[in-house]
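Chain order of the listed sequences is A and B. So the first sequence is residues 1 to 275, counted in the working numbering. So the second sequence is residues 1001 to 1268, counted in the working numbering.
Everything labelled a hint here was simulated from the structure, so no lab data went into it. The beta-carbon is built from N, C-alpha and C at its ideal position, and this holds for glycine as well. Hints are supplied without guarantee of correctness; some may be wrong.
Distance ranges between label pairs, derived from CB positions [what the hints assert, rightly or not]:
#1 B:Gly1057 with A:Arg32: 46 to 52 Å
#2 A:Val114 with B:Glu1035: 32 to 38 Å
#3 A:Leu96 with B:Pro1103: 28 to 34 Å
#4 A:Pro273 with B:Gly1119: 47 to 53 Å
#5 B:Lys1083 with A:Arg27: 53 to 59 Å
#6 A:Arg32 with B:Ala1251: 31 to 37 Å
#7 A:Arg186 with B:Lys1081: 26 to 32 Å
#8 A:Ser172 with B:Arg1118: 55 to 61 Å
#9 A:Ser111 with B:Gln1193: 33 to 39 Å
#10 A:Pro273 with B:Ala1177: 18 to 24 Å
Cross-link-like lysine-lysine pairs, in silico, DSSO-like; alpha carbons within 30 Å at most [to be verified]:
#11 B:Lys1186 with B:Lys1083
#12 B:Lys1122 with A:Lys192
#13 B:Lys1081 with B:Lys1199
#14 B:Lys1250 with A:Lys192
#15 B:Lys1075 with B:Lys1038
#16 B:Lys1122 with B:Lys1075
Below are the chains, spelled out letter by letter.
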Amino acid sequence: MADRTAASRRGLSEEVAGAGGHQIVERVPSDRQWLWRLISFAVVFGGWEIAGRIPVSPSFPTFSATIVALGEMLLDGTLAGAYAETVQPLILGMLLCSVMAVLFGVGMGLSRTVEWFSLPIFIILQAAPMAALIPLITFLYGIGLTAKVVAVMLMSAPIIVLNSYKGIRNTSPSLLDMSRSFMATRRQQIVKIILPSASGLIFAGLRLGVAAGVTGVVLAELLITPTGVGDLITYYRSVAEYPHMFASILSIIIFSSVAVTLLQRAETALFRPET
Amino acid sequence: MLNTVLSARNGQASGTPEAAVQVEGIGKRYPGGVEALKDVTLDFPAGELTTLLGPSGCGKTTLLKIIAGLLDPSKGQIRVKGKQVHGPGPDRAFVFQDFALMPWATVLRNVAFGLELRGVAKAEREATARKYITEVGLTGFEQSYPHELSGGMRQRVGVARALAVDADILLMDEPFASIDEQTRRKLQEDLLQLLQIEKKTVIFVTHSIEEAVYVSDQIVLLSRRPGTVSRIIRPNLDHSTDLEAARRDKAYLDCVDEIWQTLKQYLV
């Protein structure tokens, strides 16, 4: 009996998904998905290898040389030491910034007053070339940890704030009408409708914010004081060890992608029961 | 055959006990100057299904939202069971054209949502929700999410949610408009069956003449914007014996035709 219900249920929902779902992209079987991803990487890295062998520039190493250098740096602890330094301002900045920026964005979405007061600032901040502001940070906060934390926050805050704000404003008007018609208080409306509905865009903002924060910390390490990964890049460039320099850069890209992916996994596991 | 009441004013002494909802001199002008409704006065008899029918843009949905308390009228007042109301109330429940289901919540939570907002304990509100989920024919889908359901099934959830709060008045805003024709017919039949169990006063907005004639006790034809009451028609179909037969009834066909003749003049 229970089996039959489950089976008929599955049948129905499959039918539904087939009939009602607007299929924008063609479906690819899951084993082929991996194949296409591998091909994508192979094309990029293959192109890199060829470009390095021509070479397009004497300072452009091949992919294989870069990977060898990356392996060396992993094994001798150079990378671990550098990242131990780099993640400090990054984590500190992201923790401070994500809480405040989400609250600020949500506040802007919920209140016209907060919106008029602060929306222009964040739109300008997002449009402004942040790298140009880094010398100003040094002027105000010196060259220590504080300056780097500020750089991380300046880079990531506008994206997180604006995404949270958009998330709140994008709440479906009919869901708002629905909650009003069932006599939700303003508090219930915010907690039970607006925030869950905005959470997707808020988390997207956090992911973009982490990526921007990584940019911020690397900029700070390149422009303020050479520490961590920024120091590695600067050092290897100065001694013309280009494979190591590119390996450092590659490691940041990997680091940032992994961080963003982990954040997405966490979001799906914790907040998306429907998927 | 058709009992047509030509004037909306007749028999409208305010305070008539059998009127569940009274609309008195309602006018609505949107900011920007669009006049959606002009001096609409109407009674909605208790226990009956009344349809608001009219050309698109005639203010049917506006009127329904004013009755729901989701919009404020510019003029006039709404009385529910004789008492003037401002804003939404526990006596009215709304069914939305786009279903307005929370995509992050299961069918069970969606149906129980009105009770959740009222602070009803979880076990109690879920028991109530399960009862109505069964009533609308969605047993087995309690733990499904809206995106796993078809349009027709989603609107069944919407109907169950409205029933679960036990309001006497059901406000349905083109509830079946975004559902395919075959499913819509089934939903219309199921709605009529459901209303035989649940004695509700229903105010139903639609732009489909066939749907209006099939489900209604009373049809209110609205004129083009600014909407005013043009005619009130009672189809007098007999649904008690056979739900299917009503669609072949001569009274049904005549009524559809008569409404079409009236509405045609409002089309450009």
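Okay, which hints does this one fail, numbers in order?
Hints 4, 6, 8, 9, 10, 11, 14, 16 not satisfied by this model.
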